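Build out the structure end to end from the sequences listed, making use of the hints.
According to the numbering used here, the sequence shown is numbered sequentially starting from 1.
If you are wondering where the hints come from, they were derived from the structure by calculation, not from laboratory data. Owing to the predicted nature of the structure, the values given are computational and were not obtained by experimental measurement. Do not take every clue at face value.
To be verified - Straight-line Cα separation of at most 35 Å, DSBU-like style, residue types lysine-lysine; simulated pairs: (1) K21 x K39; (2) K223 x K146; (3) K258 x K235; (4) K146 x K130; (5) K21 x K85; (6) K223 x K21; (7) K235 x K146; (8) K85 x K146; (9) K22 x K85; (10) K146 x K21; (11) K223 x K235; (12) K39 x K22; (13) K223 x K80; (14) K22 x K130; (15) K80 x K124; (16) K39 x K80; (17) K130 x K80; (18) K39 x K130; (19) K85 x K39; (20) K258 x K223; (21) K124 x K39; (22) K124 x K146; (23) K85 x K124; (24) K146 x K258; (25) K80 x K22; (26) K124 x K22; (27) K21 x K130.
Claimed, not checked - Here are the in silico distance ranges between beta carbons for each label pair: (28) G182 x S44: 51 to 59 Å; (29) G48 x S150: 19 to 27 Å; (30) E194 x N228: 29 to 37 Å; (31) A90 x H164: 30 to 38 Å; (32) A90 x L144: 37 to 45 Å; (33) D162 x F84: 35 to 43 Å; (34) K146 x M186: 19 to 27 Å; (35) A214 x R251: 21 to 29 Å; (36) H259 x I111: 16 to 24 Å.
All residues carry an ideal CB built from backbone N, CA and C; glycine is no exception.
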Amino acid sequence: MPELPEAEAFRRYLDSSVLYKKIEVVDVLDERILGNVSKERIISDLEGRQIVHTVRHGKYVGAELDSSQVLILHFGMTGKVRFFKRNESAPRFVTMQLNFENGDQLAFTCIRVLCRVFFCESMKEFIEWKNLGPDALDGLTLGLFKDLISRRTGRIKAVLMDQHFLAGIGNIYADEILFQSGIHPMRTADTIFEDEIAQLFNSIGVVLNEAVDAGANWALIPKDYLLNVRGPGGKCPSCGTQLEMVRVVGRSSYYCPKHQF
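Okay, here's the thing in structure tokens:
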């Protein structure tokens, strides 16, 4: 599932390909992706408009229009955006497509129809409506993180993945952050010591920034990262110990039993 680094890569992709191009025609090919908006409204409010700015909060990417309204994309398990020219073939599994006045096109694709499209007056309104926590990279301070975690008692991995706690961290990056912090995924938040909270905060920034800088391309991620070997039969990149797996809120969680406590 796309997490914060993947969403940021999509945001940058949109930023480099569709800004200030007039939307001529909107095609909604699968209405199941529409979250809080009807097909008729999204077409009427998008056609004739331009995307002038892109934003991201957690796993959500917003395309701000010259009307100040914002089209918001959530990528579910398999969602992607694909920009292509008039003379190029359209990708498969298109759920919605923006056709620009100059002939360029932008497709929102989703193999499993779990991606969603929302339409709001502002990103702030959307964040409040969804009750999202602060973005895991943008504006998060150690003081705020300590305050947030002091209110939690659940499994630390479940806490990290809770989008109402912090927006942007999912299953895979939660495992990486805990691995880099030396913290067992089954620990409860109320047993995390102050120095561990500081280490956890630092690891969130380091891991997510590393992935963002790599364009969410795992081939460019440091070789000592867990995600390079994460899975059945994987061995700890630090000590070679066989990784173990537990389930936290139904999700597979891999860790090194030798140095995660």
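Going through the hints against the structure:
Taken as a hint, the K21 and K39 pair is honoured in the structure, with Cα atoms around 21 Å apart against an allowance of 35 Å. Simply put, K223 and K146 have alpha-carbon atoms about 30 Å apart, close enough for the 35 Å limit, and the pair holds. In summary, the hint linking K258 to K235 is supported, as the alpha carbons are separated by about 11 Å, within the 35 Å threshold. Note on K146 and K130: the hinted pairing holds, with a Cα-Cα distance of about 23 Å set against a maximum of 35 Å.
Proposed proximity of K21 and K85 is supported: the alpha carbons are some 13 Å apart, at most 35 Å. Simply put, K223 and K21 have alpha-carbon atoms about 40 Å apart, too far for the 35 Å limit, and the pair is violated. Taken as a hint, the K235 and K146 pair is honoured in the structure, with Cα atoms around 32 Å apart against an allowance of 35 Å. For a cut-off of 35 Å, the pair hint linking K85 to K146 is broken: about 48 Å separates their Cα positions.
The hinted pair formed by K22 and K85 meets the criterion: a straight-line CA distance of about 14 Å does not exceed 35 Å. With a C-alpha separation of about 43 Å, the suggested pair K146 and K21 falls outside the 35 Å cut-off, and the hint is violated. For the given pair, K223 sits about 12 Å from K235 by alpha-carbon distance, which is consistent with the 35 Å threshold. Under the criterion of a C-alpha separation no larger than 35 Å, the hint pairing K39 with K22 is consistent with the structure, at around 19 Å.
Only pairs whose Cα atoms come within 35 Å are accepted, and K223 paired with K80 is accepted, the gap being roughly 26 Å. Between K22 and K130, the direct Cα distance comes to roughly 29 Å. Compliance with the 35 Å bound is thereby established for this hinted pair. Straight-line distance between C-alpha atoms of K80 and K124 comes to about 23 Å, which keeps the hinted pair within the 35 Å bound. Only pairs whose Cα atoms come within 35 Å are accepted, and K39 paired with K80 is accepted, the gap being roughly 20 Å.
Of the supplied pair hints, the one linking K130 and K80 holds, its CA atoms being roughly 22 Å apart against a limit of 35 Å. A hinted pair counts as satisfied when its Cα atoms are at most 35 Å apart, and K39 with K130 qualifies at roughly 21 Å. A hinted pair counts as satisfied when its Cα atoms are at most 35 Å apart, and K85 with K39 qualifies at roughly 24 Å. As the CA atoms of K258 and K223 are separated by approximately 19 Å, the hinted pair is consistent with the 35 Å bound.
Taken as a hint, the K124 and K39 pair is honoured in the structure, with Cα atoms around 23 Å apart against an allowance of 35 Å. Taking the CA atoms of K124 and K146, the gap is about 24 Å. The hint holds against a cut of 35 Å. A hinted pair counts as satisfied when its Cα atoms are at most 35 Å apart, and K85 with K124 qualifies at roughly 33 Å. Restraint check for K146 and K258: the C-alpha separation of about 27 Å stays at or below 35 Å, so the hint holds.
Proposed proximity of K80 and K22 is supported: the alpha carbons are some 21 Å apart, at most 35 Å. With a C-alpha separation of about 24 Å, the suggested pairing of K124 with K22 holds against the 35 Å cut-off. With a CA separation close to 29 Å, the supplied pair K21 and K130 stays within the 35 Å bound. Between G182 and S44, the C-beta spacing of about 53 Å keeps the proposed range 51 to 59 Å intact.
Here the CB-CB span from G48 to S150 is close to 49 Å, at odds with the stated 19 to 27 Å. For the pair E194 and N228, the supplied restraint of 29 to 37 Å holds, since their beta-carbon distance comes to about 31 Å. Between A90 and H164 the C-beta distance comes to about 37 Å, which sits within the given range of 30 to 38 Å. Take A90 and L144: their Cβ atoms lie about 43 Å apart, and the range 37 to 45 Å holds.
As the Cβ distance of D162 to F84 is approximately 37 Å, the hint placing it in 35 to 43 Å holds. At roughly 21 Å, the beta-carbon separation of K146 and M186 lies within the given 19 to 27 Å, and the hint holds. For A214 paired with R251, a C-beta distance near 23 Å keeps the hint of 21 to 29 Å intact. Taken as a hint, the range 16 to 24 Å is violated for the pair H259 and I111, whose Cβ atoms sit roughly 37 Å apart.
Going down the numbered hints, you'll see the structure goes against 6, 8, 10, 29 and 36, while the others check out.
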